[in-house]
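Those protein sequences? They're chains A and B, same order as listed.
Going by the working numbering, 60 is the number at position 60 of the first sequence; the sequence numbering is gapless.
Each position in the second sequence, counted from 1, maps to that position plus 1000 in the working numbering.
No lab work stands behind these hints: they were computed from the structure.
Every residue gets a Cβ at the ideal spot worked out from N, C-alpha and C, and that includes glycine.
Misleading hints may appear alongside valid ones.
[Stated by the list, open to error] Simulated restraints on C-beta separations: (1) R1051(B) to D21(A): 24 to 30 angstroms; (2) G155(A) to G1084(B): 28 to 34 angstroms; (3) G1098(B) to Y115(A): 42 to 48 angstroms; (4) P130(A) to T1265(B): 32 to 38 angstroms; (5) G155(A) to D1171(B): 26 to 32 angstroms; (6) L1188(B) to A19(A): 46 to 52 angstroms.
[Unchecked claim] Rough simulated footprint, nothing fancy, chain A against chain B, three-plus residues with beta-carbon under 8 angstroms: (7) 1127-1140; (8) 1166-1176.
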Amino acid sequence: MPAKASRAAFGEALLDLGARDERIVTLDADLSKSTMTAKFGKTYPGRAFNVGIAESNMIGVAAGLALAGRIPFACSFACFLVGRFETIRVSVAYSQAPVKLVGTHVGVAIGEDGYSQMGLEDIACIRSLPNIPIVQPADELETKQAVAWAVEHPGPVYLRLTRQNLEPVHGDGYRFQFGRAEVLRPGTDVSVLATGGPLWNALEAARRLEADGIRAEVLNVATIKPLDEETILRSAGKTGRVVTVEDHSTAGGLGGAVAELLGEAMPTSLKRLGVAGFGESGDAKGLYAKHGLDEDGIARSIRKFLGR
Amino acid sequence: MANPDVGRLREIAREGRVQIIRMLTHAGSGHPGGSLSVIDILTVLFFHRMRYEPKQPTWEDRDRLVLSKGHCVPAQYACMAKAGFFPESLLPTLRKLGSPLQGHPDRVALPGIEAATGSLGQGLSMAVGMALGLKLGAKPSRVYCILGDGEIQEGQVWEAAMSAPKLGAPDHHVDNLCVILDYNGIQLDDHVKKILDLEPVTDKWKSFGWPVIEIDGHDVAQIDKALDQAEAVTGKPTFIVAHTVKGKGVSFMEDNPEWHGKAPTPAEAVRSIREILGLPAEGGTPPAWAAPILQELAAMEKK
Chain A
1 MPAKASRAAF GEALLDLGAR DERIVTLDAD LSKSTMTAKF GKTYPGRAFN
51 VGIAESNMIG VAAGLALAGR IPFACSFACF LVGRFETIRV SVAYSQAPVK
101 LVGTHVGVAI GEDGYSQMGL EDIACIRSLP NIPIVQPADE LETKQAVAWA
151 VEHPGPVYLR LTRQNLEPVH GDGYRFQFGR AEVLRPGTDV SVLATGGPLW
201 NALEAARRLE ADGIRAEVLN VATIKPLDEE TILRSAGKTG RVVTVEDHST
251 AGGLGGAVAE LLGEAMPTSL KRLGVAGFGE SGDAKGLYAK HGLDEDGIAR
301 SIRKFLGR
Chain B
1001 MANPDVGRLR EIAREGRVQI IRMLTHAGSG HPGGSLSVID ILTVLFFHRM
1051 RYEPKQPTWE DRDRLVLSKG HCVPAQYACM AKAGFFPESL LPTLRKLGSP
1101 LQGHPDRVAL PGIEAATGSL GQGLSMAVGM ALGLKLGAKP SRVYCILGDG
1151 EIQEGQVWEA AMSAPKLGAP DHHVDNLCVI LDYNGIQLDD HVKKILDLEP
1201 VTDKWKSFGW PVIEIDGHDV AQIDKALDQA EAVTGKPTFI VAHTVKGKGV
1251 SFMEDNPEWH GKAPTPAEAV RSIREILGLP AEGGTPPAWA APILQELAAM
1301 EKK
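Hey, can you work out the whole structure from these sequences and the hints?
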C-alpha cells in the first residue's frame, strides 16, 4: 500500500460505508474538500450537509440528527471543531448524542498554514469529557477499519486524522480493535508509545537504536481514550521506562494520559515527546525536526532518556 | 387541529404555575420568572398539540420539544408530570441529589427530555438537526424549540437561524420545525433592552428567511392558532415571537429582574399561589388539588 493521508482513507471508507447504510450523513463547515467528504456529497447529495463556516451549528445539527436516528459525521479541522468545545460538551457529550466527530489536519505536520490551523490541543479537550472515545489511526488500513467501527459504535466518537500521507505500518491481515494498544515491535529496554503521524518515525527510530544495542518496544496507541491500561502497564513493567510520541501538545494528550495512568498504577520513568508551546509556519519535515518528532529526534531523546 | 378547550388549557396552566412555585420553594433555588412566562406556551404544546406517549417516551413518531432556555425546565417538569411521564410526587425533588429533575434538562436522567440544554444558544441547532433527521427518516413528527430572548444574544443561534430555512433543500426542508421566542424582555442582569436590545427582532428573523408570527404568549387561543399557521407553512421552518411577561401570574414577580433566578420563601410561595388561584390573601377555598400544596408550603414556613 502506498502512503496515504488518514483523512483520504476516511473519505474513501465513508463512501463505501455510505452505500451500505443510508443512515450515514456528513456535515461540513466549508472544508469538505479538505476533510475529504466531498466525494460522499457528490455520490449521496441528499445526505451531505454543508452548513457554511459555522462549526458550532454544525455540531449541534449533528447532535440533533444523531438523536433522530441518523449517523452523522461532523467534520472540520481538529482545531476548529474542538474549538467549539462547549457545544461538544453539552449538545454531544451530555446529551449522549452519537455524533462521529472527525478532526482533520492535526498537529504541526500541516506545516505552512501555521499555528492557527493546527489541531494541537484537541485530545486534551476531548479527553476531559466522560463519554467520548478518541481514536487516532496510524495508516490507511487502520483508518478504514476505525471508520467502520465508528459507524457501529452506539455512542459519540472523536476520530483524529492527518493531512499528511502516512506510511503503512500494518500488514494486510491487521484487524483494528477499539480500546487495544498494539505492540508493533517488541523490545526490552524502553516502551515507546506512539500515536498517529509520528508512529512511523518512532518505528524508524527504534530500528536505528537497535544498531546501538537499544531494544525499544514500540506500541501503536490508536485508541487514546479509553487507554489500554493492561497492555501499557505490561510493557512498562517489562522495560521500566516509557516514552510517549505524538503530534499534539505535551500537555493533556497521549503523554498526559499515560502519565496519569503510570502515576497512579505503576510510577515509571516517563519522557513525553510532542509539541511544547505554539506551532508555526514551515515545512512539515523541518517542524518535526524542530520538535524532535522525526526519526533523529526521537532516537536522540530516547538515548538521552536512557543515559546512553 | 380541533379548536382548543381554552378554559381547560387555562386551568392546566394555572396548575402549572402553582407547581412551578412549589418546586422552586422546595429546591430553594431556580428560575421562576422565565418558567412563569413560558408555561402557557408549554401547556398548549403538551395538552393540545404534541403527539407523545408518556409511558413510551422514545416512541419513534413522537413530536419533539427542545427547551433551549433550559433554566426554565421547571415549567416543562410541571407539564410532564401532569401528562404522566412521572408521578407528581417527584416534583418537590427538583435540584435535589439523585433526582431525575436536574436543575437544567438532562435527557439521560429523565426520559422524555429530548436534549440537554442550559448552556444557552445550543438548542436551536439541535432542533434543526432533529427536524432534518426526522425528514430524512420520513417521519411525520414535528419539532418545537423554545428560545429565551436573552438567549438569542448567543452567536450560535444566528448560525442556526441562517441555516434552517435552507438546510435540507430541495427534498428535506425542515418545515416540521417551529421555533417560539419567549420574549419576556428580561435577562439575568437586567431588562434585555438595557443589556443588548434585540430589536427589530421580527425583521431580523424575517431577513434570515423565516416566516414570523407575533402573538400574545399568554393567550392560549392565540398560541394554538399560531401553531396551526406554522403547521400550514411548507418549505420553511416558522418563527413565533411570543410576547410574554416575566413572572406572569405573580404580581410581585412580574416584569422584575430580581425574580429571574431566585426561589420564593415559603411565605412568598403561599402568597404567590393564592394570587395564582385568585384567592384573597387569607381565607377563601382553594381547589381540592391545591389545598395540600398550600398546607405543605405553610408547614415549611413554620419550620
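Hints versus structure:
1. R1051(B) to D21(A): 24 to 30 angstroms: holds (28 angstroms)
2. G155(A) to G1084(B): 28 to 34 angstroms: holds (29 angstroms)
3. G1098(B) to Y115(A): 42 to 48 angstroms: Once the Cβ atoms are compared, 45 angstroms apart, the range 42 to 48 angstroms for Y115(A) and G1098(B) holds.
4. P130(A) to T1265(B): 32 to 38 angstroms: holds (37 angstroms)
5. G155(A) to D1171(B): 26 to 32 angstroms: holds (29 angstroms)
6. L1188(B) to A19(A): 46 to 52 angstroms: holds (50 angstroms)
7. 1127-1140: This one holds; 11 residues, not fewer than the three required, reach chain A with a Cβ under 8 angstroms.
8. 1166-1176: Three-residue rule met by the region 1166-1176 of chain B, so holds; n is 4.
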